[in-house]
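Novice: Numbering-wise, the numbering used here puts 108 at position 108 of the sequence shown, and it's gapless, one number per residue.
These are computed hints drawn from the structure, not numbers from a lab.
C-beta atoms are modelled at their ideal positions from N, C-alpha and C, and glycine is treated no differently.
There may be inaccurate statements among the hints.
Label pairs and their in silico Cβ distance ranges [stated by the list, open to error]:
| hint | residue 1 | residue 2 | range |
| --- | --- | --- | --- |
| 1 | K62 | R2 | 49 to 59 Å |
| 2 | L131 | A106 | 22 to 32 Å |
| 3 | A8 | P33 | 39 to 49 Å |
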Amino acid sequence: MRGELDDALARMERREALQRRRAQEAAARAGSPVDEVTEAVQRVVAQHPNVAVTMWVADGPKISAMHVAWSDGEVTVRPAAEPALPVAGQAPHSWPMSVRTVPGWAAPEDPPAPDAAARLADLIRRDPSLLGPDDHG
Numbered sequence: 001m002r003g004e005l006d007d008a009l010a011r012m013e014r015r016e017a018l019q020r021r022r023a024q025e026a027a028a029r030a031g032s033p034v035d036e037v038t039e040a041v042q043r044v045v046a047q048h049p050n051v052a053v054t055m056w057v058a059d060g061p062k063i064s065a066m067h068v069a070w071s072d073g074e075v076t077v078r079p080a081a082e083p084a085l086p087v088a089g090q091a092p093h094s095w096p097m098s099v100r101t102v103p104g105w106a107a108p109e110d111p112p113a114p115d116a117a118a119r120l121a122d123l124i125r126r127d128p129s130l131l132g133p134d135d136h137g
């Protein structure tokens, strides 16, 4: 009876040791989120030779800025040369704009008032010469 209990305890101890070892290996395999994001972006850039990516990756309060691009026939990762990094938790700043910016579309004109047609008809009734010499009958 004692032998069976010892065997069961030994098996449980080996099982727990194996579980701890697997957990440690998984933790060692998993890199930082910054490394994982960088590797994913590297794979995308490797498939598209004309693409370059500059990015910020926030891991809690730590922010990393990097540039992923093709250089001399291979994909390289280097620190991004940005003067100021965004603060974690805040929206990124917008691109600097020229002081002489022109909107991409014209401002819409004010729609005519709903009674504009009625006012025009009233003006023509009062003064038919507004239509011209040949337009009224």
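Novice: If a hint holds in the structure, say so; if it does not, say that too.
Specialist: Now the hints, each set against the structure:
no.: 1; hint: K62 x R2: 49 to 59 Å; result: holds (55 Å)
no.: 2; hint: L131 x A106: 22 to 32 Å; result: holds (31 Å)
no.: 3; hint: A8 x P33: 39 to 49 Å; result: holds (41 Å)
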